[in-house]
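A.B. asks: Here is what each chain is made of, one letter per residue.
Protein chains: 2
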Amino acid sequence: MNLMEFSEDQVKKAIKNGQITISVIGLGRIGLPTAVLFAESGANVIGVDIDPKLIELLKDGKNELDEPSLDELIKKNIKNGKLKISLDLKFTIKNSQVIIICVPTSINKNHSANYSIIKKVIEDLSGIIIPNQIIIIESTISPGMVENYMIPVLERGSKLKCGKDFFIASCPERANPGNIIKTFKNTPRIIGGITQKCTNIASAIYSSVIDSEIIKTTNPKTANAVKLTENIFRDINIALMNELAILYEKLEINIFDVIKASSTKWNFIPHYPGPGVGGSCLPVNPYYLIDEAKKVGYELNLILMAREINEQMPEHIVQLIGKSLEIAKKSIKNSNICILGLSYKPDIKDIQLSPAISIINKLKHLEAKIRLFDPYFKNQNILDIKVNSSLENAVKDADCLVIVTKHKLISNINLQNIQKLTKSPLIIVDGRKTFNSENLPNKTIYQCVGCPLIIS
Amino acid sequence: MNLMEFSEDQVKKAIKNGQITISVIGLGRIGLPTAVLFAESGANVIGVDIDPKLIELLKDGKNELDEPSLDELIKKNIKNGKLKISLDLKFTIKNSQVIIICVPTSINKNHSANYSIIKKVIEDLSGIIIPNQIIIIESTISPGMVENYMIPVLERGSKLKCGKDFFIASCPERANPGNIIKTFKNTPRIIGGITQKCTNIASAIYSSVIDSEIIKTTNPKTANAVKLTENIFRDINIALMNELAILYEKLEINIFDVIKASSTKWNFIPHYPGPGVGGSCLPVNPYYLIDEAKKVGYELNLILMAREINEQMPEHIVQLIGKSLEIAKKSIKNSNICILGLSYKPDIKDIQLSPAISIINKLKHLEAKIRLFDPYFKNQNILDIKVNSSLENAVKDADCLVIVTKHKLISNINLQNIQKLTKSPLIIVDGRKTFNSENLPNKTIYQCVGCPLIIS
Numbered sequence: 250m251n252l253m254e255f256s257e258d259q260v261k262k263a264i265k266n267g268q269i270t271i272s273v274i275g276l277g278r279i280g281l282p283t284a285v286l287f288a289e290s291g292a293n294v295i296g297v298d299i300d301p302k303l304i305e306l307l308k309d310g311k312n313e314l315d316e317p318s319l320d321e322l323i324k325k326n327i328k329n330g331k332l333k334i335s336l337d338l339k340f341t342i343k344n345s346q347v348i349i350i351c352v353p354t355s356i357n358k359n360h361s362a363n364y365s366i367i368k369k370v371i372e373d374l375s376g377i378i379i380p381n382q383i384i385i386i387e388s389t390i391s392p393g394m395v396e397n398y399m400i401p402v403l404e405r406g407s408k409l410k411c412g413k414d415f416f417i418a419s420c421p422e423r424a425n426p427g428n429i430i431k432t433f434k435n436t437p438r439i440i441g442g443i444t445q446k447c448t449n450i451a452s453a454i455y456s457s458v459i460d461s462e463i464i465k466t467t468n469p470k471t472a473n474a475v476k477l478t479e480n481i482f483r484d485i486n487i488a489l490m491n492e493l494a495i496l497y498e499k500l501e502i503n504i505f506d507v508i509k510a511s512s513t514k515w516n517f518i519p520h521y522p523g524p525g526v527g528g529s530c531l532p533v534n535p536y537y538l539i540d541e542a543k544k545v546g547y548e549l550n551l552i553l554m555a556r557e558i559n560e561q562m563p564e565h566i567v568q569l570i571g572k573s574l575e576i577a578k579k580s581i582k583n584s585n586i587c588i589l590g591l592s593y594k595p596d597i598k599d600i601q602l603s604p605a606i607s608i609i610n611k612l613k614h615l616e617a618k619i620r621l622f623d624p625y626f627k628n629q630n631i632l633d634i635k636v637n638s639s640l641e642n643a644v645k646d647a648d649c650l651v652i653v654t655k656h657k658l659i660s661n662i663n664l665q666n667i668q669k670l671t672k673s674p675l676i677i678v679d680g681r682k683t684f685n686s687e688n689l690p691n692k693t694i695y696q697c698v699g700c701p702l703i704i705s
Numbered sequence: 250m251n252l253m254e255f256s257e258d259q260v261k262k263a264i265k266n267g268q269i270t271i272s273v274i275g276l277g278r279i280g281l282p283t284a285v286l287f288a289e290s291g292a293n294v295i296g297v298d299i300d301p302k303l304i305e306l307l308k309d310g311k312n313e314l315d316e317p318s319l320d321e322l323i324k325k326n327i328k329n330g331k332l333k334i335s336l337d338l339k340f341t342i343k344n345s346q347v348i349i350i351c352v353p354t355s356i357n358k359n360h361s362a363n364y365s366i367i368k369k370v371i372e373d374l375s376g377i378i379i380p381n382q383i384i385i386i387e388s389t390i391s392p393g394m395v396e397n398y399m400i401p402v403l404e405r406g407s408k409l410k411c412g413k414d415f416f417i418a419s420c421p422e423r424a425n426p427g428n429i430i431k432t433f434k435n436t437p438r439i440i441g442g443i444t445q446k447c448t449n450i451a452s453a454i455y456s457s458v459i460d461s462e463i464i465k466t467t468n469p470k471t472a473n474a475v476k477l478t479e480n481i482f483r484d485i486n487i488a489l490m491n492e493l494a495i496l497y498e499k500l501e502i503n504i505f506d507v508i509k510a511s512s513t514k515w516n517f518i519p520h521y522p523g524p525g526v527g528g529s530c531l532p533v534n535p536y537y538l539i540d541e542a543k544k545v546g547y548e549l550n551l552i553l554m555a556r557e558i559n560e561q562m563p564e565h566i567v568q569l570i571g572k573s574l575e576i577a578k579k580s581i582k583n584s585n586i587c588i589l590g591l592s593y594k595p596d597i598k599d600i601q602l603s604p605a606i607s608i609i610n611k612l613k614h615l616e617a618k619i620r621l622f623d624p625y626f627k628n629q630n631i632l633d634i635k636v637n638s639s640l641e642n643a644v645k646d647a648d649c650l651v652i653v654t655k656h657k658l659i660s661n662i663n664l665q666n667i668q669k670l671t672k673s674p675l676i677i678v679d680g681r682k683t684f685n686s687e688n689l690p691n692k693t694i695y696q697c698v699g700c701p702l703i704i705s
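Protein chains in written order, with my numbering: chain A, 250 to 705; chain B, 250 to 705.
Check the hints yourself; a few may be wrong.
One copy or any two copies: either way a pair holds, since identical chains are not told apart in the list.
[Unchecked claim] Derived DSS-like pairs: lysine-lysine, alpha-carbon spacing no greater than 30 Å straight-line:
| no. | residue 1 | residue 2 |
| --- | --- | --- |
| 1 | Lys-499 | Lys-358 |
| 2 | Lys-446 | Lys-499 |
| 3 | Lys-645 | Lys-262 |
| 4 | Lys-578 | Lys-446 |
| 5 | Lys-594 | Lys-645 |
| 6 | Lys-594 | Lys-339 |
| 7 | Lys-333 | Lys-509 |
| 8 | Lys-594 | Lys-582 |
| 9 | Lys-261 | Lys-544 |
| 10 | Lys-499 | Lys-369 |
| 11 | Lys-578 | Lys-645 |
| 12 | Lys-692 | Lys-572 |
| 13 | Lys-369 | Lys-544 |
| 14 | Lys-339 | Lys-579 |
| 15 | Lys-669 | Lys-325 |
| 16 | Lys-578 | Lys-265 |
| 17 | Lys-655 | Lys-514 |
| 18 | Lys-509 | Lys-431 |
| 19 | Lys-594 | Lys-509 |
| 20 | Lys-465 | Lys-655 |
| 21 | Lys-509 | Lys-544 |
For the record, the hints were derived by calculation from the structure and aren't laboratory data.
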């Protein structure tokens, strides 16, 4: 079967009728929903991963992601045979018309891009792919990596010609973890193929699972530039708010009042300061582009500066902790400091590159007595500290509470009740503007990032 | 009359019934529309300025701003006596209940804030104000300037107590030049007074002229922080696009394709690269906050970096001109270079801090033969060069056209016709993505900022 000879309508029909087999490589936070939704659309899907434990789990219809409605979709599609799970890349590829790559990319300790996993996949594929296949890259990569690395490697290994014998397109994931199934379907997707026909066919494939717009762009590198530009936009704007937050603390201005009022201007959209940014995208994607720029002798100074500011925020939080304790004539050393929230964003179970990690490490170094609480990580060991199983236990006799993640359960905390458990005064360093400063109980020292210090 | 004893409804009624006199200090691009609209609302308005020529012009019902519907509003309100124009600050103030300050602020050559005009106004007022007056600052100033400078100066000079004998609020202008009357009425305004009552009364005053929301904020410094934050947000985001534009030129990616596709993400809003930013706000407002931060020992590195990038764009345009000419084996020296558009934004007559100025100065230094065309500046002298009266004359025998401002008339240029007048090949350096690269005539070298070079 040669999809490139199909019309877009024929592609959609073939998927619906179960005539197309799609392999999804990498069954993590992006690949798993992708595989499941294509199975739902009618395609035969084979999900492949290198982790035998994950494969066993999935074959049983289970998964470790905490995503609404994902569990039931996996169970259903495993049971009805639309979704198969495999460790065998070669077998999977030989039986597919479409190959979707969803493996993670990251950065090395020196902040250079780490593409080792996806490079391994491309090398492996170069010896396996068969004529007329279309490869679609969802993984986040530098613009040009498809054109300058993947195509040469695939052509060399397969002896096939890209754009004639096989095809490649980028369709970068735009997932919103925590609500991934819904946002996968509702968010427009960007597709850039190596030829116009390839872009059209890849768009037809995704139109089976995306209810929203599909934007056909110029080529793979443009699609990848879109993904990085979006995330850099967020990183820069959060950095701006972090830089302003530190200034407005000094000027005794509440940055949240400023953001609220600024948001009424037609050309402003709000971003918020915090203890730093985390997750698998914002802290790493900017470095992919910084790296790529270096190769052509160009320094992305603004983007680098934004990274510096956001990476420095955990240190700022630690400084706020120190200053707040000092008011009560205490120091970080030997104080009971309770970190509330570990995830990098609210109401998901994900600690990847969360600022909580840096804050905990810094507090350890300063010899604080650290307690952790996060409803998503109860009883787990995080940096050799066991996460408390109850909020009450975590805050008992605490000298300082530090809000890192505004999980619902944390923002619903009743400070009047909590105050009875902690030491007095109640000291809160709030990275997320969790509490209304007008409702603080008496004898509270409240330092929210970007706000004047409040002593009630 | 003591406005502070009025309810908000009483204030509105008193304005409508012509019982309130408002003086507006500074009759430029902000003060004039403010004065006119308050006169329209029923208030008696006295506009005051130090420029005798401007006063004479306005008394005749004329003005030099190119703003839709402003002319007729001035004529009408001068004629019916609602708007008076005066050189006499003392007389004006003695007869007003409300004083609105709309004088310009700017920066010095070393980029420090230049508040000389507004400081002079405040000093003058300190000897003139009478009890129960409310002073409203529309001028853009640093957060804290009302609290730390204006109030002490006014109290010292007047022997009156702020918050008791007289009142002060910030209501920073949020004008959109080019459509100022309409946007003045339709744009929400931020008001922060020195007391809650003062905020309420100032809000009531503005509700007579603003059809949109009025946001009451904490205090004057918060209102001023809002104004600076909004403009810095724009400056940073334009800088980001400028930084990416230079990279994407090198990677042969079209940044306008990237921005278009990125704009389909729920949390992205588009900004565009260009030859640099101009006008009285973006190039100067960031320095007000940078200055203020320095006073408290803090460096706003991200904001400074954005300024550097935006200020460097005219140089980048000149480099693009040089490279494009080089392809045709020409150099900037002695080439006929035609600058199209001088205003800092399209379809207004305003060259304040426009990037055109830097570009022209740089080209002069490189000994180019410079021609200028801008429909709003025909026959005027700009940097000792007379602006051409016709587009055709300006482009005749030009070696290179440089688009700085996308005035409608310029974006409607027919390149096929223009090509017959210029030297061959037609070389265009486009700072504003004015032309569709697919419709270029043959023998054209087209270098748009942020895009791959096109030779057709």
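A.B. asks: Indicate, hint by hint, whether the structure satisfies it.
C.D. replies: Hint check:
Taking the shortest alpha-carbon separations for Lys-499 and Lys-358, only the inter-copy value of 27 Å comes in at or below 30 Å, while the best intra-copy value is 33 Å. Only between protomers do Lys-446 and Lys-499 lie at most 30 Å apart by alpha-carbon distance; the minimum there is 26 Å, versus 57 Å within a single protomer. Within a single copy, Lys-645 and Lys-262 get their C-alpha atoms no closer than 61 Å, and across copies no closer than 58 Å, so neither meets the 30 Å cut-off. Proximity of Lys-578 to Lys-446 under the C-alpha cut-off of 30 Å is found in neither arrangement, the shortest distances being 70 Å within a copy and 39 Å between copies.
Only within a single protomer do Lys-594 and Lys-645 lie at most 30 Å apart by alpha-carbon distance; the minimum there is 25 Å, versus 60 Å between protomers. Within a single copy, Lys-594 and Lys-339 get their C-alpha atoms no closer than 37 Å, and across copies no closer than 58 Å, so neither meets the 30 Å cut-off. Taking CA atoms no more than 30 Å apart as the test, Lys-333 paired with Lys-509 passes in neither setting, with 49 Å inside one copy and 37 Å between copies. Only within a single protomer do Lys-594 and Lys-582 lie at most 30 Å apart by alpha-carbon distance; the minimum there is 28 Å, versus 56 Å between protomers.
For the identical chains of this complex, Lys-261 and Lys-544 are neighbours neither inside a copy (40 Å) nor across copies (63 Å), given an alpha-carbon limit of 30 Å. Taking the shortest Cα distances, Lys-499 and Lys-369 sit within 30 Å of each other only across copies (28 Å), while inside one copy they are farther apart (50 Å). Taking identical chains as interchangeable, the C-alpha atoms of Lys-578 and Lys-645 lie at most 30 Å apart only when both belong to the same chain, with a minimum of 19 Å there against 77 Å between chains. In the homo-oligomer, the alpha carbons of Lys-692 and Lys-572 lie at most 30 Å apart inside one protomer (16 Å), although the nearest pairing across protomers, at 67 Å, exceeds that limit.
Taking CA atoms no more than 30 Å apart as the test, Lys-369 paired with Lys-544 passes inside one copy only; the shortest distance there is 22 Å, against 53 Å between copies. Taking the shortest alpha-carbon separations for Lys-339 and Lys-579, neither the intra-copy value of 62 Å nor the inter-copy value of 57 Å comes in at or below 30 Å. For the homomeric pair Lys-669 and Lys-325, neither the shortest alpha-carbon distance inside one copy (48 Å) nor that between copies (68 Å) is at most 30 Å. In this assembly of identical chains, the alpha carbons of Lys-578 and Lys-265 never lie at most 30 Å apart, being 68 Å within a copy and 58 Å across copies at closest.
For the identical chains of this complex, Lys-655 and Lys-514 are neighbours both inside a copy (27 Å) and across copies (24 Å), given an alpha-carbon limit of 30 Å. In this assembly of identical chains, Lys-509 and Lys-431 lie within 30 Å of each other by CA distance both inside one copy and across copies; the values are 28 Å within and 23 Å between. In the homo-oligomer, the alpha carbons of Lys-594 and Lys-509 lie at most 30 Å apart both inside one protomer (21 Å) and across protomers (28 Å), since each shortest distance falls under that limit. When the C-alpha separation of Lys-465 and Lys-655 is checked against a cutoff of 30 Å, the pair qualifies only between copies, where the shortest distance is 27 Å, while the shortest distance within a copy is 37 Å.
Taking the closest pair of Cα atoms, Lys-509 and Lys-544 come within 30 Å of each other only across two copies (26 Å); inside a single copy the shortest separation is 41 Å, beyond that limit.
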